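Given next are the chains, with one letter for each unit.
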Amino acid sequence: MPADLKAQLAVLRRRVTRIEHKYREPLRPLRYDAEQVLTGTVCENTRGSYFLHQKFYPAHRRHGSVELGRLAELGGELVAGISRREIPPIEPARWAFLDTETTGLAGGTGTCAFLVGVGTIEEAGFRVRLFFMRDYEEEPAMLAGLAEFLAGYDLVVTYNGKAYDAPLLETRYRLNRQQPPLDGKAHLDLLFAARRLWKLRLESCRLVELENQILGVEREGDLPGEMIPYYYFEYLRTRQAFRLVPLFHHNVMDIVSLAALTAVVLPAYAGPAEARQECLGYHGEDLLGLARWLRVNECFEEALELYRQAVNSRLADQHLFRALWETAEIEKKLGRRDRALAVWCDLASGKNPYRQAALEELAKHYEHREKNYSMALEMTASALELGHSPELERRRQRLESKAAGESSRLI
Amino acid sequence: MPGTANATIFMSHTPLDTQECLCYYGEEKEKLVNLTLFAEPSLPDIPRPDNRLETALAQLDQLARQENSPITAIRRIPARAAQFATMPAGVGPALAEALGRRGVEKLYSHQAEAFEAALARRHLVIVTPTASGKTLCYNLPVVQHLIENPGGRALYLFPTKALAEDQLEELQSLIGELGSQMRAFTYDGDTPQDARRAIRERANVVLTNPDMLHSGILPHHTRWAKLFENLRYVVVDELHMYRGVFGSHAANVLRRLKRIAAFYGSKPQFLCCSATIANPGELARALVEEPVEVIDRNGAPGGEKYVVFYNPPVVNRQLGIRRSYIHEVRNIARGFIDRGQQTLVFANSRLATEVLVTYLKDACERGAVPSTTVRGYRGGYLPKERREIERRLREGAIQAVVATNALELGIDIGSLDVVVMAGYPGSIASTWQRAGRAGRRQSLSAAVMVASSAPLDQYIIENPDYFFGRSPEHAHINPDNLEILVSHLKCAAFELPIRDGETFGPHPTAEHPTEDLCKFLEEVGVLHHSGGAWHWTSESYPADAVSLRKVTSDNFVIVDITGEPKVIGEVDFSSALTTLHEKAIYLHEARQYHVERFDYEERKAYVRSVACDYFTDAIDYTQVKILDTFDSLGHQAHGEVRLNRQIVGFKKIKFYTLENVGAGKLSMPEQEMHTTSFWLHFPQALLERMTEFTPTEKQAGLAGLGNVLRTVASVLLMCDARDLGVSMSEDPASGLALFEPNLYLYDNYPGGIGQSEPLYRLCDSMLERAGELLRNCPCPSGCPSCVGPAGEVGERGKEVALRYLAELTCRQT
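Protein sequence lines, in the order shown, are assigned to chains A and B.
Sequential numbering of the first sequence, starting at 779, is according to this note's numbering.
Sequential numbering of the second sequence, starting at -5, is according to this note's numbering.
Interface residues of chain A toward chain B, partial, derived using beta-carbon atoms under 10 Å: (1) Leu790; (2) Gly886; (3) Thr887; (4) Tyr914.
Please keep in mind that the hints were generated in silico from the structure rather than gathered at the bench.
Owing to the predicted nature of the structure, the values given are computational and were not obtained by experimental measurement.
For glycine and all other residues, C-beta sits at the position ideal for the given N, C-alpha and C.
Please construct the entire structure, taking both the sequences and the accompanying hints into account.
This is the structure in C-alpha cells:
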C-alpha cells in the first residue's frame, strides 16, 4: 500500500490546482463580523448564539401598488376561504410570512438554510426579522430561536414553501435533533393561488416576476438567486460581513413582496365580489384564472360573472373561445339550456377550436330535446366535416336511421 | 465444492488430428454430428426411446473412452445427503408453523447455524452453493425479529434490481404464510414517486441496491428516520459481486450507512451471502469492517452431478481450426432437449445468446419439441418478460433457456436437469456458479462446458486438472483508495457534518487521516470547519458525481416500428453502440430486427422486423493518447490519458455457415474516457538489442508482458484485474518507420481511481515480481497463468517477456 498519505495528497493538490484555474481569494483571519456591518443583535439561548436583524416598515409605506397598512385590515376569514376551509379563520396578527436562503438547490441533508426571514403584521406596520447563522456552529441556536418565535404565530405564509422551505427546514431540525416548528402549523403556500391567477398572462410566476408585473416594484442591484450560496460561502471563507448586505436585502425584499402579494391574492379569491376588480385590475386573463377556480369550487354564479367580465375585456382568441365554452358548460350544468344553446350557436358559427364540440352539443340538443332529426343530422354532418370521430360517425348512422324511420312514418 | 470432485476420472488429451471426416458442416449435416455424440449403435441393448439422463451420460462416457475424443474430462460429483438440524429454539411458534405449512419441518444445518449466529448478534457471511436455501438463512432471523418487534426495520441490498424483485416475492410469500402485517417493498429507480413516501414511512423491509442507497437514501436520511432508528439487520446478498472498484465503492457506502445509523442510535448487524469464492470471510470483513463469522458447512442435499468438458473437434489441422463451438452447443443442447430434459444454456455475450436461441428454435422446429418452449434471457429483455420466463421455467413450461450471466445470480428458476456452457465463463468461481444451476433437486444432473477457440478456453479445456484442482478466485477490494475514499468522504460530509476526531475509513499511515483529508477538502472549497465539525459548503450534490459502477445508467430503448410503435427492450449504453447501430440486425427472442434509425441524443433505436439469413457484428477500435505526463523516469511514466473507443464498422455474418457476407462502415459517436495511466516506453534502441526475435514475436511478447504486469499490478494494488486496462500503442511521434511502442496499464474507470501513481512508484517491485512469476510458472512457453496462452502471445511469448523484463530492469539499476 502507498506509504505516505501526505505525498498522495500533494499529488492530488497539484492536480486540483491544475484543474481549478479559478482564482480564489486567500483565506483571511476573522476581520469583521456581522454585527459590525449590519444592524442587529446577537441572541443567546441554551444552544448558543445567533444573529437577528430587524427591519420595520410603517403602515403607510407602499410596496409598489400595495400600502402595507392594508395587511392588517385583511380579514381572518380570507385564509379559510382561499384554502377551502383547510385552514381555519386566523387573524392577520397571527400570520408569519417566511422565506429561507439556502446553500443550494440540490436538496438532501447537505443543504442548509443559513438565513430565515419572517415577516409579521403589527398595528403600526410590517416587521421583518432575519434569523441568521454567522457560521455553521450557530445553526442549532438559530433554529431554536426561530422555533421559539414561530410558536407565537398560527399561520405560516410562504411562496413555494410546501415543496421547498418546509421540507428543508424539517430536515435541518431533525438533523439538529429539534422539533420542527412547522409540524402541525397551518401553512398557506401562495404559489398555487398566484399561479392560477396569473399563469395565462405571465410567462413566469416566480416571486420576483410577480413583484415586478403585479406590484410594479423594480428591484435594484438585486442578487440573482443562483449567486446566493456563493456569497454565503465567500463570507464564511473571508469573514467579510459586507458580503452579507445584498443577501439580507434580497431576503427582506422577498418577504415584503410576499406579504404585499398576499394582500392582492387573498381578497381576489375570497373577498367580496366588488373588491375583486380593485385587486385584480382589468386583465381578462386574470379574471379567467379566478373564474376557473370558482367553477372548480362550484361557485357557479360568481364564476359566470367573472367569465362575463373576462369575455368583455380584451381576451386573446384562444382564451376567449375557451371562456365561452366553459360558460356554456356551467349553464348546461345549472340547467339553463337556452343560455348554453346561445353560446354553442356562437361557437358553431365561426372557426375556433370548440366548433366541432359545439356542433355536437347542438346535434344532441336537436336529437334528444327537439326530436328534430334532420337538424341533428345536419349538425352532425357539419361536425364530421371538421374531423372524423367514431362517436360522431355512430351518431350520424343512428340519426340517419331515425330520420329514415320518421320519413317512412310520414309517408 | 471443487474439493469433493474427485470420484471417477476419465481424461484424455486430444491431439489435434482425427475426426477430420466430420470436417465442415452446413445445416443439412447436423444429423451426422448428433450421431457422433449420441452414437446410437454404441448402446444397442437399451430400448428406445430412452429419455433418461443416465443414458445420455453413459453415451458421453462411451465417447470419452474413444481415442481422440472431444470429451477431455468427465468428473462425477457424488450425491450429498442433507444435514438437518432441529428447529432452533429462537424460531417462534408462529414462524415455525408458517414454515411447516410451506413444507419446511426441519432446517438444513447451515440455516440453523446462521440463525443461531444471527441471534447471538454476530455479523456473518454464509457461503454455500447455488440452491442451498441461502435466502432462508437471512429471512428467518429478520422475520423472527419483525414478529417480536413490529416496528423493526431491515435493509436488503442486492447488486441488481432483478434480484431484489425476485427476493421480494420470496419474502412476501413467507410473510403471507404468516398472515402478518409486515411490509416489504423494493425501492429503486423504478419505484413510482407517489409510493416512495409510504415506503419510507412504513416498510419493515426495504429491498434496494447499493447505488440507490448511495444516491437516493443516505443523502436524504432524515426522510428515512424510521428506517435508521429501527435498523436491526442489513442483508448483503451476492457478496462476491462486490469486488474491485464496485466493491471498494460499496464498502464506503456501508461506512456511510453505519455512520448514519449511529446518528439515529442503531448499530445494524450484517448478514451476508456469497457464492463460493476463495476468501469470502476476508471480503466480508473488508466490506463491512467488522468481525464476521463465516458459515460454510453446507447442509443442503445435492444430487449426483457430472461435469463434462467438451472441446469441439479440429476440422483443419494445419490452421488449428475447430468446429464452431456454437454449433456444438446447439447439438449437445438439442440432444438433451429432445430427451425432455430441462436445459439451461449459458452464452458469454448477448450476440451468442441470440444466435443460439435462433439455432435451437430452428432445430426444435424439426424435432419433437415445440420451438415456443425455447427462450432467450438476457439483460436487454424487459423486466416483465423476464419474470414471465422465470415463472414458466419454474413451472416446467419452458424446456430450454439460453441466457447470459444474467441468470448466473440467485434468481429463482427452480430445478434444471442440464446446464450447457457455451465457452468458459472466464473464472473458476463463475463456472461453478453456472454449473450449480443444474441439479437443484436430488436427482442426477449434468453440466457440460463447451470450449470456444479462445486461448483461455483452450487452456482450461485441455488442462482439466488446472481447473478442478484450483480454488476459485479471490475477490479483492480497496476501500481506502484515496480517490474513492475522498469522493465518499464528500458524500459523508453532505449527509452529516464530520465531527473532529471522527474517522472515516482509517488510513493506515496517517495519525488523523480524516482531519488531513477534511483539510484538503477545505482547501478545495467544499468543506468548512465550524463548531468542532466539518460542514459541507458547496451547492452541489456530491452523490451525483460518484457512480459506483463503470457503466452509466443511460439505457437505450428499442422501439419496434413494424406496426404500431412499441418498446420491445432496453440495452445499456455500452452495448447499445455495438448492437443497435444503424443497419445492424438486432436479435430479440430469436426474431431479427433491422435498425432503421439510431437516435443517440434521445437514446432510442427504431427497428423493423425483418427476415434475413445473417446477423451483424460490430468492429471497434481503441486508441490511447497521452494528455499530460505527471512524472517520468527511464522507461516508466504516469499521467493523464484519453481513451477513444469507436465503433468503426460492422460485418454481416451468415447464420450457420458463419460466412462473412458483407461489411459496412459506420461513423458512430466516439466514446471517450479520460483516465490516469501508468506506461512503459520501449525505445528503438532497446528493441534493436533484442536481435534474437522477429518483430512479430516482439510485438506478441509485449502483449504477453502486458498480461503479466496486469496480474502482478492487481496483486500489488489489491484491486480486481478488470479495473486495469492494458493497451499498446506506437509512439505517435515516431512515425511508421520506427516501432517505439508504449505499454499502458490504465485505470479502467472514468477520471481514474488513482492506481497509476502507486504503480509508477512501485514499478521496480512490479517488474521484479513479474520476473518471479514468469520464472516460477512451470509452463514451457506461456499459459493463462502467466503471459497468456501461447496461441495469443506466440510460441516464444514467455521468452520475449522475460527478455523485456531483463532489459527494463538492467536499465533502471
